[in-house]
Every structure is written in C-alpha cells, then in structure tokens.
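Q: Sequences and hints are given; from them, build the entire structure.
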Amino acid sequence: MSEVAGRFDAATLEILWGRLHGITEEMFLTIQRTSFSTIVSAALDYGCALLDRRGGQLVHAAGSMPLFNLSLPTVTRDLLARYEGRIHPGDVFIGNDPWLCCGHIPDVAVMTPVFHGGRLVAFSTNVAHQADFGGAHGHNRVREVYEEGLLLPVMKLYERGTPNTTLFEIIKANVRAADLVLGDINAQVVANEVGASRLVRLLEEYQLEDPTQLTDELQGRSERAMRAVIAGLPDGTYRAQGWSDSKGQATRIVVAVTISGDEIVVDYDGTGPQLASGGTNCTLSFTTGRTHYELKSILAPGIPHNEGSTRPITVTAPEGSILNCTFPASVNARAFSYHDTLLKALAQVLPDRVMAGPGLYVFPRAVGRYPDGRAYDAPMFGGGGQGGSLGRDGVGGYIYPSSASNVSVELFEAACPAMVVEKEWVADSAGAGQYRGGPAERITVRRLPGYTEPVRMRYFPVRASVPASGMRGGRDGTLDVPVWNGVPAGPDSEIMQDGWATFADPDDELTLYAPSGGGFGPPQQRSRDAVEMDVKQELVTLREAAETYGYPTIPPE
Amino acid sequence: MSAGPYAIGLDIGGTFTDLVLLDSAGATRVHKLLSTPHNPAQAALDGVVGLLDESGVRIEDVDLLVHSTTLVTNALTQQRGAITGLIGTRGFRDILEMRDEHRYDVYDLFLEWPSPLVPRQRRLTVNERVTRDGDVLVEPDESEIRAVVERLVADNVEAVAVCLLHSYKNPANEQRVAEVVRRLVPGIPVTVSSDVAPIIREYERTSTAVADAYVRPLTDTYLTEMAGGLRRLGLRGSLYLMLSGGGTASVASARQYPIRLTESGPAAGAMAAGLYGKLTGSGPVVSFDMGGTTAKLCLLTDGRPAVVNTLEVSRTQRFTRGSGTPVAIPSVELIEIGAGGGSIARLDLMGLLKVGPDSAGAAPGPACYGRGGTEPTVTDANLLLGFLDPEYFLGGRFTLDVKSTHDALARLGEQAGLSALDTAWGVHQVVNENMAQAARMHLQERNVDPSKVSMVAFAGAGPAHAAGIARLLGTSRIVFPLGAGATSAFGCLVAPLSFQFTRSSVSMLAWLDWAEVNTIYAQMAERGCAALAEAGVAPEQVEIVREVDLRVYGQSHELAVPVPGGVLTAATTQTLNTSFAASYRQLYSRYDDDFLIEAVNWKLTARGPSRQVTLCAPDGGGAANPLKKHRDVFLPEQRGYARVPIYDRYLLAVGQEIHGPAIVEERETSVNLPVGSFAVVDRFGNLVVELSADSHAENG
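The listed protein sequences correspond, in order, to chains A and B.
In terms of the working numbering, the first sequence opens at residue 1 and continues consecutively.
In terms of the working numbering, the second sequence opens at residue 1 and continues consecutively.
Mixed in with the good hints, there may be bad ones.
Claimed, not checked - Rough simulated footprint, nothing fancy, chain A against chain B, three-plus residues with beta-carbon under 8 Å:
id : region
1  : 113-124
2  : 269-278
3  : 418-426
To be verified - Computed, partial: chain B to chain A, Cβ under 10 Å:
id : residue
4  : Asp108
5  : Arg129
6  : Glu204
7  : Thr320
8  : Ser323
9  : Gly351
10 : Gln444
11 : Arg631
Since the hints were made in silico from the structure, they are not lab data.
As the structure is a computational prediction, the values presented were derived from the model and not from experiment.
Glycine included, C-beta positions come from ideal geometry on N, C-alpha and C.
A: Below, the structure is given as structure tokens:
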C-alpha cells in the first residue's frame, strides 16, 4: 500500500499512527536508558512528542508527563517565530522559559527540526525535569524568576551539527550538578535524533514527501472525536469557587466552565492575584496545560491526545492572577491544588466521572556532597490519597497529577546519607465519605546513623493550608504540615521559610505527609461492611467509626 | 517409535494438557487432552497413560519426565492461594499495597490494580532495622515477634512471608524473625525475602516473598500428588519441573522456591523455539507464537532466551506494564501482544482500524465459527484472504462459515468506507504492524539488528502472518517447525537442568569488597550445586556461569556483564570495566571513560549437562504428491485474488523446494508463502523460508 498519499483509509491511518506512536516510544526509552539523574531515569519526569512543522502536536509517548506534551507546542511555536528562515538541518534548540514552556525553570525543552527532501517537515521534541538549573536554594523566599535559575529563551544548542560551546559553558557554570545536567541534556538530544531519523525513514517508506496531509488528517480526527464528546454534554455555564494552597497561604480560585455546542471555555476570571514571593504562581502556559489534562482525563480518556483534541477547548485567566502571572514573578513551585475547583465545576455536569480532590504528592530531596567530593541528589516521591468517587474509595499512594513513580526506600538510602524511618499510611486520615478518599502517607527521615556531616533535605508542602476538597457531602482530606523534631513547622521555621531542613544533630527528624484525598458523599451513608473492614485494617479507629461514620457498635475484631 | 530410553514432556495449560514422547533417535509423538483445572494432576496422569498406550511404550522405559504448569500463575491471577501473613519493618506496613505509586496510564482516572495478596490486617511489623551498609541498628525482639505471630495465627494464616529493609545486604534480622516464627508455628511454611529474591528494592522483594508464600501450600500438595501418582503408574525415571527462567529443577528444588514455577509453560515454549532455531542455523532468533488471544515474542541467542530479573503477573490490563504484580525471579523475557486469531477488529473513536486486545475467545469465537460471533476477527480476515481453507480448519474437524465472515467484514468495511476484502487485508496488515512494532522495540532494547535475526513461527495463527511481519522488520529468514502444536511440552525436554541466583550488593566497582563478592558467589554456587545434586548431577558436571549487573553511577538502567571464573580480586575491576564500556558503547554508541561504575546485582547460573535433543522429519514425506489443489488467495501485488497452489505439509519430502506464492497446510496451522519467498524442507522436517531482498520494498 504505497499509494497512500492521496487518501488515507482506516487501516493505513492506523498503521501510520501506530508507527508514529512507536517512534515516540523509542524516544522515551532512549531517555530512560541514557539519562543520569534519578528524577529523569527512575521517576520518569519527562515527556517526548513529535510535532508537525507548524508546531502542532501530532503524537506523544504514552508515559509522557501530560503537562510536558501540552506545553511543547507553545515553546516550539516561539522557536518558529524567532528563527524563521534560520532553521537548518543539524540544528538543535533548547529553551525553558516558564511562560512558554512548563511553568518553571527546571523543565528544559529540547527541540530538533526534522528535514526531509530538503524541507522542514516536523519537530522531534522532549522536555525533561533537570536535577538542577541554578538559582537560589531558599526557594520560598524568592521574589522573582531571576532568583530561580538560568532562564534560557529558545536558543540553538547545536547549529548545523556544531555544538554551541558558549551556551554549553554558560549552562555548565550556572548549574550545581553540571555533569548530571549536561548528561541528561545529551540524552534529550540523542532521543530527538532517534525520533527524527525514524520519522524520516517512515516518510521514505510511505513516499510521503510532505507529512502535512497525514498530520492534518490525524489531528482532524482527534478534533472531531473530541467535539463529538463535548457536543453530547448539556450546554451551560458551570461555576465553582475554592482555594489553592501557596505554602501555607490560601488564594481564591474562581472558575466558570462554559459548554456551548462542541466547544468548552474554561475561564478563571475572579481568581486571586499573583503572589509577591514563594514561587507558587502559574504561567498561563502551565494553567492551560493542566486544565487540558483534567478535561481530557475526565471527558475523553480514549481519544489520543494531539493538537486536534485541544482545539475545541479555550483556557483564559486574568493577567496578573495566580493562574496567569506576569514576568518576572517567581514560579518554581507552581500551585498544584487549584484544580480541585475545576473538578467541582465539572461535577455539576459529569457527577459520575469526577472524583473528590486528590492529596497530590510530596517530593523531598536530599542534596549535598560526601566528604570525598562526590555529589548526591536523591529525590523521593510519596503519593497522597486519591479522592473518593461514585462507587469507589480512593486509593493511597497516588502520585497525581505527575506521572512519576516513587523511588524505592532502599535505593533512596543507597543514594544519600539519609535514612527513612517511616513511610506508612495514617489511620483516620482519609477524607471521610460514603466513598472515602485514599489515606495520607507519613514519611519520617533522619540522618544515616554514624554519618557525621550535616545532611540537607529540600522540601515544601503542597497542601499546608488547603486540603483536598470533599465532594457531595464528603469530608475534606488532611493537610501537610511538616513536623521538625516533634514540633509542627511554623511559618518562621527553616522548612517553611527556605524550603530546606538541615539534619545536623543525630536525633534531628523531619516528618512530612503526602495528604489524603477527599471523600465522596456523606460519611453516614458509608456501608457498615466497609467501615468494619476499615477498622479491621486499622485505617479507621473505633472512635472515628462512631463519631464520623455513625457506627458506635463495631466489634473490636 | 524406535528404541528407548524415552523422555516425556508434559505441559498443563489452561485449556489443554499436552504431552510429547521423545525417543532416543529424536522421533516424537504428541498426545493432547483437555485439562482438569479442579485437579490438574488427573489430566496429566491420564495423558501419560494415553500417550504410552498409543506408542506401545512401557513406562519402565521412560527415564525422564519434565513438566511445566500454569498452576502457580493461575493461583496468583485468580487469587486462590493460601491465607498469608507478612512481617515487615516497623514504619513500613504498606509497602505491598503502595506498590511503586505509579499511575500506569496517566489519562485514566479510574485505574485498577490487583488487590494485594496480603490485606493490611495481616501485614504486621516489628521494631528492627538494618542500614544500607548492612549494619544492624536494631535487632528484632522475640516477644514482639511472638505477639505478631499470635495475631497472624488468630487470623488463620496458612503461610508467612518475612521481608525486612536491606535484607539483601544483611539477612540476619530476617533470619532471626523466620527462625522464631518456625519455632512457634512449625506447621506453617515461611518464605524469607533474602532467600527467595535477595535484591534491592523493597517493593519488588516483598511482592516476591509474599507471592512465594502464597503459592507454597498449594504447590506442595500438587507436587506430592503428581510425584506420587507417577510413581504409582510405575515411573522410575526422574521427574523435573520447568522453571520461569528456562531451566529445569528437581521436585525438591522446585518445592524450595515454588514461585519460580510461574509462567513455566511459556518459558518451555521459548526453549523449544531456541532448539528449532539452533538446529536450522546460527545467529539470533525471534520466536513468534500466536494463539487465540495473544501473541508472544522472544529473542534467543545460541538457543537461549533472554532472561530478565523480574516478571509481572496478574495484570489488570493485560498488555500494560505496571498494572500487575512484580515477581523478582529470573524469567524468560517474553513480549506479549494483544493480537491472536480471535482478536476483534473495530473502528475506534477516531475512526482508525484497531485489532484487539478484545478477543472473541472460543465462544462465540470468530464469525466464521458460526457460533453467533458477529464481529470480524483476525481469523475471519485470514479466511476471506484465502490464507485458510474453510474445509480444512483444524485438519477438517469443522467447516468454517465463509458467508458469516464476509458479512462481518463487510459491515466493518461499510463504516470504514472499504470493501470487505480491503477490510480483511487492512486487518491482516494492522496485526502484522503491531507485531513488527513490538518486535522492533524489543530488538532495539537489546540492540539486535532485525536484518540479522531468523524468525521461528509456530502455533495457530502465527504462520499466516510470519512472512508479512518479517518483511516489515527486514528479517529475511523464517523457520516453520513441523507439528508445533505441543511446543511447551516439547520445550520441557530441551531445557537443561539449571538454577539461577541473583543477589544485590550495591557498591562502586572501584571500592568493591571482593572478599564479600567471593563469599556471595561461593554461597550461590553451593546452593546451585546442591540443587543440581538433588537431580543427580555430579559436581564435576556442573557448569557455572556468572554475571553482574553494572550501571553508570547515577543512572538507573543496568547492563549485565560476564564475570570471569575463579577467585575475584581487585584486578577483576579492570576486566569488568572494559566489558561494561564495550557493552555500553554498543548499546548507546557513546561512553565516557570518566564514568564511575557501580555494581548492583551479582548473578550466577548453575547448569547441568545439556540434553542432546534432535528432530527427525515425518515418515510420510515424499509418499505422494504434496500438491493438494489450487485456490483463490489474496495477493497484495495484484490487489486481488489469484490461483495459488496449496501443499500438504505432511507429504513434503526432505529437500523439497516451493516458490511463493503458495500455502502449506497442516492440521493446526497454515503457512502463507508470499510472492518473492522461497521455501525448502530441511532434514528435520522444518520449512525454512527465505524472503528475497526486493520483496522487502513492499509493505506487504
């Protein structure tokens, strides 16, 4: 079937789609196997995609971090605007502008133009979360993005195959673990090469000199499928108000979701202003990506995501608000919890497909050097509880919205001189409900006994003031208030001010909580069997069974 | 059959129990009967009697019976194992249920995972701690262990698993806990994680220890019945079990690590493919085994399949990595794809033609079975394309309904704007593409050039697709073994007696404590030799192969590198560095001499002497004209049907040549030889096919 150029039938398109998808999977695998940092290679905090020559997304690797897929087109379009007429075979571009890319400095995009028959036909692209990209250590105090690291507008990392040594030297001089970071950037470059060469081979095999017809067809089909789903929803404007957590400070979030025919507009008008410091501001690029992700997961998980599936959805937020902050606001932490409010709005139209708010996740990292000079940078992930939903309890250990996986405690300890003394679910923590949320996860860390140098751990809570929302009468989830040596961290503590804890004494101990998920439906309507099982499993105490769930007579085993 | 001694291969699958009798000259006889899932040993014993009766062979002349079974896999998948308790480290009660906290599909908010084999009420902990360096910070207290055991006993546990942090480095605390448990409740089997899977990563180790304990009582009962039953039938020869890693072991060794019986049938199938590939040439082989609902791919080098450290069972989404339960045992690496003969073709939300993973199964089955199936399947597509004979399906045991097939494909074609025939060809191509894609990814991971591999294709639907897939991959040589209907049973006979061990000890190569490594290897060799001695292998016959998983410090992906024999010293560092650099460069085409290298897993295989197994061509070859007839078969080159010769596989003489296009039929399968292919029957009865270079240009 080589005469496909004129028209694509269902089988040929499926074959081409499968191939394109396979190419992004090969790219994904390449990064996984050749990157250095734990955050990339073990926690899989990266994403790969092929874009059309206009920067529209065509296909992404299945395991890609959703936000990354969704922001690659924005940064690639900026590349096209800046470098029109100056894009050559052998060029490789790099950029991490949070307003164009993924909302904070460490997410670095690498984009490689793909040429076929002497013409630019596509982009092979990926984003990876770098272990370090410079900036201040006291992230919570920073006021401007200048303090958060090295901001690279879209630049050429390679020009016609020759490395831009100036740029490499600048990066090397500005990041803490230069070997690690440059190693990971190299893995990104190699992955794009793999993507580009496979794509060219595919175009040759199918004699497609210009893949535009193909990309138009695939994006068009995604778009039509998405529009058909939206058209099936009742028209109307669904509003909700809530809060977003900013390291202990709550910011008002207001959203109006308007469904009209086969389009959706999500408008965050009324949302509170950006904050002067602390880095929990979101760029519109980030907000848009996150909103698309939520909508797609809820509305149409079965439709392959690409440029087409996002076209029917518009996202707006007032300039200067925490969801559309203006340069040079600090953005490192971003606000993750705002989407509870979006879920509340969607619950009005899709009650059976929405869940109560999730607890999100925690991401502590031990960073430093051994006396012999070897650097360590050991991250750990802990998942909060999933929200309850109609007919289903939330699970615990649910890392959301990230696609990361946790790092084994044994691997974490092997990688740094810290010791985890506890990583376990907490009784009575789950947001109560007819269908309860997933429990909170408590993580306690100390210095490795016998190690005498101070050990520092970077950490900031994602839900210090705003818990996961309960839904339809379900209770809210728990908060993450870190505990330092037995005392809940106050606003003036090192951990809340700087986002760091320093283990200098053998008995120093930090406890943090991946918060629980919210409950769904009134707790009094939870079945006795379910509460009995929770008691038996010691996830709910007898007292909570009596007071919250209304079962005073559960036998103690 | 010619003279003994005889060997029997026995595979108990979900539907069929297959047996193969092999004589000393390499002639085989196959016997098949329905499995008896409520008591699997029954079909096995009946099968042995039936096989021997048919062949006129006395059981006294059978000196070996090798057995593979789905017993363990099924117990895990269907959660039919023992009530199990788990004892862990204080503060880490939920390791088993937290998993790796990864969402295997980030766009699905309602993901499902298999429920943990041990629920929280039976997951208890004791105060104890070992550091990453193996130092014991806190020893477990006997009274605390006693309290935990009392709670578990009160909850009726039938098996106990113990998994404590860093036990792969220092098992002292685990052994202490296990010893107390065994003393307190002697009748309850105990699995110790550092014994069954001494690897770093607490979730994988816990999961493995739990799964092992969970299947221990039922495996014990089964093996006792099976061995007893065979003895009562008069079997005096040895009874061996097939393991997940492609080796076999005595009953006593299998009892010691029952979890290693997981997926033993598919492992045996891969070993058979290795033999077919090896007998007919050299170089790497990709086996391709396509049944009713899935297809399996395996890469083999020198007749040996790639072996990985972990296997995933009980997936909630069968083809999605991460949706199941990891079991850290050496296992043959099989890539499973959701496309078999029964896989259903449909248009998805985007209007693209998808095939599988839903399958019509046996009931209602493909539309052509005429049992009420209305959706078109891969078998339907192959029938309409003329690759199958409606009158000779399963050797003519039942007639296929061509009209139902045509109607089903026409209905789908209407939605897609295609004719029934084009739809059938589309389905066939999509399946080929899915397989080729999976194979391509796998070969890339292993850095093997597809143009340098041979493909071995067997089982129902595979031979109809093999040539198309080979073309997509750029593979030019395909071997179709004869009568491969009982491949796993046959594979049991091919596998050597062998036992594999893995132990984590994470350290930079430069600062390695070689004394510790020598001790680890000595212990593993001792255990391996002991396991082989159980099976009557003398120490001087044991072959020891050692490997270590190395990685660049900071990276998380490991590469296995051979470890030289003898006592290891600081001088070994250089050898390992050099081998690692070479493998790394080969895989990633770059290597930096400044890389720091870290050792992670030390691995050892203890292997008994290889069994010499050969094959012989069938007796009927050349007895009559093998050309049965001509029939209409779809040829993509002509975009339509053409008259194509149909051959009877059983009448092909050794050395016979066939030029494609042609179809070669046997009872269970039908080989499709496209335009540009050339087949010859080798002396073992295999059909060996070469695809011409120019035929690769087409996307057939």
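Q: If a hint holds in the structure, say so; if it doesn't, say that too.
A: Comparing the hints with the structure gives:
{"no.": "1", "hint": "113-124", "result": "holds (count 4)"}
{"no.": "2", "hint": "269-278", "result": "violated (count 0)"}
{"no.": "3", "hint": "418-426", "result": "holds (count 5)"}
{"no.": "4", "hint": "Asp108", "result": "5 Å, holds"}
{"no.": "5", "hint": "Arg129", "result": "8 Å, holds"}
{"no.": "6", "hint": "Glu204", "result": "8 Å, holds"}
{"no.": "7", "hint": "Thr320", "result": "9 Å, holds"}
{"no.": "8", "hint": "Ser323", "result": "13 Å, violated"}
{"no.": "9", "hint": "Gly351", "result": "6 Å, holds"}
{"no.": "10", "hint": "Gln444", "result": "6 Å, holds"}
{"no.": "11", "hint": "Arg631", "result": "24 Å, violated"}
In summary, the numbered hints that this structure violates are 2, 8, 11.
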